[in-house]
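Student: Chains as they are written, first to last, in my numbering: chain A, 210 to 388; chain B, 139 to 307.
If you are wondering where the hints come from, they were derived from the structure by calculation, not from laboratory data.
All values reported here derive from a predicted model rather than from experimental measurement.
Accuracy of the hints is not assured; some may be wrong.
[As the list claims (entries may be wrong)] Here are the computed distance ranges between Cβ atoms for each label pair:
#1 A:Asp217 to B:Pro174: 21 to 31 Å
#2 B:Gly196 to A:Pro272: 26 to 36 Å
#3 A:Ala278 to B:Pro160: 45 to 55 Å
[Stated by the list, open to error] Computed list of lysine to aspartate or glutamate pairs in EDC-like fashion (alpha-carbon distance at most 16 Å, straight line):
#4 A:Lys381 to A:Glu342
#5 A:Lys266 to B:Asp175
#6 A:Lys381 to B:Asp178
#7 A:Lys381 to B:Glu167
#8 A:Lys381 to A:Glu339
[Stated by the list, open to error] A short, non-exhaustive set of chain B residues, derived as facing chain A with CB atoms under 8 Å:
#9 Ala149
#10 Leu153
#11 Gly156
#12 Arg164
#13 Glu171
#14 Ala179
#15 Ala185
#16 Ser195
#17 Arg200
#18 Ile201
#19 Arg202
#20 Pro238
#21 Val239
#22 Val242
#23 Leu246
Beta carbons are placed, not taken as given, at the ideal position from N, Cα and C, and that holds for glycine.
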Amino acid sequence: MATRVDDDGLVERARAGETAALDALVSRHHEAVYQVAYRVLGDPDAAADAAQDAFVKAIRGLPGFRGDASFRTWLLRIAANVATSAGRRTTRRAEVALDAAPQQAGGLADPERRALTRTEAARVERALAELPEKQRLAVSLRIHEDLSHREIGAIIGSSEGAARVNYHLGIKRLRELLT
Amino acid sequence: MNTGCEFYGDALVELVRGTLDPERTRRVELHLETCPDCRDALEVVQAVRSSTAEAPSGLESRIRDAVRAAARERVVVRKPRIAPVGERHWWQDRRGWAVPVAAVAALLLWIGGQLASPGQPVEGGQEAEAAAYDPYGAWPASDGVVAGDVVLSELSEEELEALLEEMQS
């Protein structure tokens, strides 16, 4: 909740043209925006482009942001839309290669263990890539971003109930693929 | 798979994130001992959580630059586009009402002229009226009311200026 309050203040200052507030919003949310774009597109370069586009669209649309949802939810919805549109323009999600697997959180000193972890990460990536887009986003937004099903529904363009179902279906399918 | 399991959903995510309160943590852990479905689901949540896609280095500064540029554009767009007073034509000084008022005044003058000479027959009757259709939709009705005046509010500034010019000629 504190983040919400802080975001509201930053948004107001950003609307007034304060560069420091814009920078703070970017710093705070760029990883989540990239995460969403990556989950849709499955390609690091395309996801980075989409993340940038999403921020630019959000800043241009800031006068129209009414605060019905949190800024973070609104921004992530823009990111999902931008990435989905970008994915339609290109043939999306080539097979997730081992090299394209995202890095695990936290560094590991042992090279052998690091290689094993990387292999496991690639396996999870391939499993996530198997899911339909809404299920993939629902799982990622719930687990990586700790968003509620209501917030997830707002981002993927569905009801809270549909978001919850997408999450459960995604977990069920991942369970079949990973365990 | 036991999709109706009480602990299958949100509690596992909270457990992995470490945000579950101690009492619920104890209950979930007890449940996990007897529920293979939830143990599998917990593994999935842990695996997904450990595969966060980290943003490439340099992305933050790249986005920051793009956002600053977009914000500058926004400020430029918000600047008023009306020319300074010295560079404006007289009718641009009060753009909101000058042209419509002039158009209505011209219409009233024209109607007054028509009413002042009531004896003149209308050539060709209704067919001639249809042929002489005013494309701007402003014409006097038989009761003297300007039947097309409502349409004026729907015209653009350019159309109003064209209408004014046509009526003055």
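Student: Is it true that the CA of lysine 266 of chain A sits at most 16 Å from the CA of aspartate 175 of chain B?
Tutor: violated, 42 Å
Student: For the restraint on alanine 179 of chain B, tell me whether the closest CB of chain A is nearer than 8 Å.
Tutor: holds, 6 Å
Student: For the hint on valine 242 of chain B, does the least C-beta distance to chain A fall short of 8 Å?
Tutor: With Cβ-Cβ at 34 Å, over 8 Å, it is violated.
Student: Holds or violated: lysine 381 of chain A and glutamate 342 of chain A, Cα atoms, limit 16 Å.
Tutor: With Cα atoms ~15 Å apart, lysine 381 of chain A and glutamate 342 of chain A stay inside 16 Å; holds.
Student: Taking the closest Cβ pair, is arginine 202 of chain B under 8 Å from chain A?
Tutor: holds, 5 Å
Student: So, serine 195 of chain B near chain A? Judge it on the closest CB pair being under 8 Å.
Tutor: Violated: closest Cβ of chain A sits about 11 Å from serine 195 of chain B, beyond 8 Å.
Student: Between glycine 196 of chain B and proline 272 of chain A, is the Cβ distance one that fits in 26 to 36 Å?
Tutor: Holds, since glycine 196 of chain B and proline 272 of chain A (Cβ atoms, about 29 Å apart) stay within the stated range.
Student: Hint validation: arginine 200 of chain B versus chain A, beta carbon distance must be below 8 Å. Holds or violated?
Tutor: Holds: closest Cβ of chain A sits about 6 Å from arginine 200 of chain B, inside 8 Å.
Student: Taking the closest Cβ pair, is proline 238 of chain B under 8 Å from chain A?
Tutor: violated, 28 Å
Student: Going by Cβ atoms only, is valine 239 of chain B closer than 8 Å to chain A?
Tutor: violated, 32 Å
Student: Does the closest beta carbon of chain A sit nearer than 8 Å to the beta carbon of alanine 185 of chain B?
Tutor: Since the shortest Cβ distance to chain A is 5 Å, the answer is holds.
Student: Could one say that the CB atoms of alanine 278 of chain A and proline 160 of chain B fall in the range 45 to 55 Å?
Tutor: With a Cβ separation near 32 Å, alanine 278 of chain A and proline 160 of chain B fall outside 45 to 55 Å, so the hint is violated.
Hint violations for this structure: numbers 1, 3, 5, 7, 9, 10, 11, 12, 13, 16, 20, 21, 22 and 23, all remaining hints satisfied.
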